Amino acid sequence: MANNTLLNIENLSVEYKTRMGWVSAVDDVSMEIRQGEILGLVGESGCGKSTLGKALLRINPPSARISGHLWFHGEDLMTLDDEAMRQIRGQRISMIFQDPMTSLNPIQRMGDHLIETILTHEPEVGKEEARERAAALVDRLGISSNRLDDYPHQLSGGMRQRVMIGLALALNADLIVADEATTSLDVIVEAQFVELLKELRDEFNLTILLITHNIGLVAEISDRVAVMYAGRMAELSDARSVFKETLHPYTQGLLKAVPNIQIDDDEELYMMGGSPPDLVEPPMGCRYHPRCPKVMPVCAAEPSHFLESKPDHFVNCWLYEDIPAEYADKELSE
Amino acid sequence: MHISPLTGICASSLGVALLLIVYAFVRGSKGLRSYIVTRVLLTLPMVLILVSVIFFVMRVIPGDPVTSELGPRGTPQAKERMREQLGLNDPIMVQYVKYLGRVVRLDLGTSLVQGNRPIVDELSERLPATLELVVPAMVVAVGFGVLSGTFAADRRKRPSDYGLRLFSITVYSMPIFWLGLILQVIFGVGLGIMPVAGRIDAIVNTTLDRYTNLLVVDSIITGNWAALGSSLHHLVLPVLTLGLALTGVFVRISRINVIESLVEDYILAARARGIRERVVVYRHALLNALIPIVTLIGLQFSVLLAGAVLTETTFSWPGMGLYLVERIGQRDYTAVQGVITVFAMSVAIISLLTDIIYAFLDPRVRY
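From first to last, the protein sequence lines are chains A and B. First residue of the first sequence? That's 40 in this note's numbering, and the numbers climb one at a time after it. First residue of the second sequence? That's 1109 in this note's numbering, and the numbers climb one at a time after it.
For the record, the hints were derived by calculation from the structure and aren't laboratory data. Predicted model only: the values in this text are computed from it and were never measured. For each residue, glycine too, the CB sits at the ideal point set by N, CA and C.
Here are the simulated distance ranges between beta carbons:
1) A/G75 / B/R1384: 26 to 32 Å
2) A/K349 / B/R1384: 42 to 48 Å
3) B/L1469 / A/I227: 32 to 38 Å
In silico DSS-like pairs for lysine-lysine, Cα to Cα no more than 30 Å straight-line:
4) A/K237 / A/K349
5) A/K349 / A/K333
6) A/K295 / A/K349
7) A/K295 / A/K237
8) A/K166 / B/K1138
9) A/K56 / B/K1265
Given these sequences and hints, build the entire structure.
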């Protein structure tokens, strides 16, 4: 564990109860989020990345069963009671949500969202002062402060997303979880959003966990990249290593599947075979093995481990791990 | 100048309505203002239609006020004389225009029985009694219903939720008069702690000077605490009966709307900002859920008046409902027409107010 770790996630698992049984949405994930970095967390829809993000604030639905440890400033968030956890939310760890239209209360004025958040965590601040702070904040985000009294529906999509950022910044949180924060924005607004996020990171020394399925965005902005597949961590390293010296077969497939506008007309876009597994009954062994082009006998039998195969480059794949002797000579059946 | 309590109450309730409308008009946006103007203007044809329907329906339904008033004793000459006197021989359109003219001046004609008293004077005694019953009943129904519905939504699928749901469906399905009778049997007859009829103790009544005929208001302004105690004591069971009967639908509608609000993204976002759970439920979720509830209050107002007829009959409460029942029995058509006109106008005004409150509450309504 590096000494600039802000949040250390240890063996985090999240399961949801459904009619079909328990769904293992996040399975035994361990990783650290470092002070001042933008960590991109990518994966397909349903791979558990949003569940992981929500678990950091413990705001998963009540039907979820969470286990593991979240070490944050020397204490384990998992052991905090509801009131102590509530004080962490918004103040120490905050979140930017996917859809800024539905994530703002439609009958609450934009300024009141900010003022309420400030006053909840800093009750000693007066109403006037909270309003001034809210005005300064939206002003910094490029929204005229005379729009504080506007309702969410009166703001444009980009403005709403900036208000969401403002809410996350209102109390100088140490960690911001941005959950698919750009998905509902068009490309122009998205580019502005990314620019703004970078600026704010430098200005306020933010640490951001950027959850997205947009690999281009991650490549653009992230310091490190984590790739998730079917609830497990597949690969984690600095952005350059993940994109240029890709280790995990899933990451390799994912990168080949990204559409590129400059690609030759006759070159077809790579399509990964199969589909993500059913997480009620995930495949034995490595969860990617049914789709993996490099599958080995051991993959179907035993799960691999998330290990540091190169300096600061973690991967979860038998290709980079010593295979137990009993599988070494076996042929792949099926 | 003598101002009858009916005129006074009509004027003051219109005044309150006007104040609310002006407040919304001043505080509201440009869109809201033009909406208010349109909505107020639309109320006029609505009232006209209501009043016209009452007029024509009263003349279409079987029965004849003259025959029922004079009875078998009436000679053809006497009947003819009475028809002439009541204007019933005029062409129907002439009668209609005359009737409209009288309604505008709040003149509802004179009773056909009981010494031909003006209906306005009779209603002056009756309307305050009904108001004193329905206003607290509505407050009980809405206040208790909305809060316990929200509580049930917050405790969804826990015992208190099941308990409240059972309670709401029980009171909702109970006939009002039966509920009233049960309460009378338990608290009036069994325990003997509650009066079961009337608005005030007869002896105390002689000490009370009446100004508005709202007994609670009159006893407060004259400082007659014995009368205040007695009238509040008499109010408990009728208000409880009518309030409970109406509360069921508010529990259920609040519960379901708050449950729907609680799964919205902005609720999760508010929790993620560390907003207290109580604030999340009772401010963010409930205020969003209130919008359909306000509409329901407007719609339930007519149910409230119908319930008032039953409650007043059960508790011998001398209000408009009991009056209506009595006069239907006596075929006093002008009285029946007058009561229904007042009911219809109040429903029109309440629906105007709820529409404006709705628009005021929900900034997204863009008319």
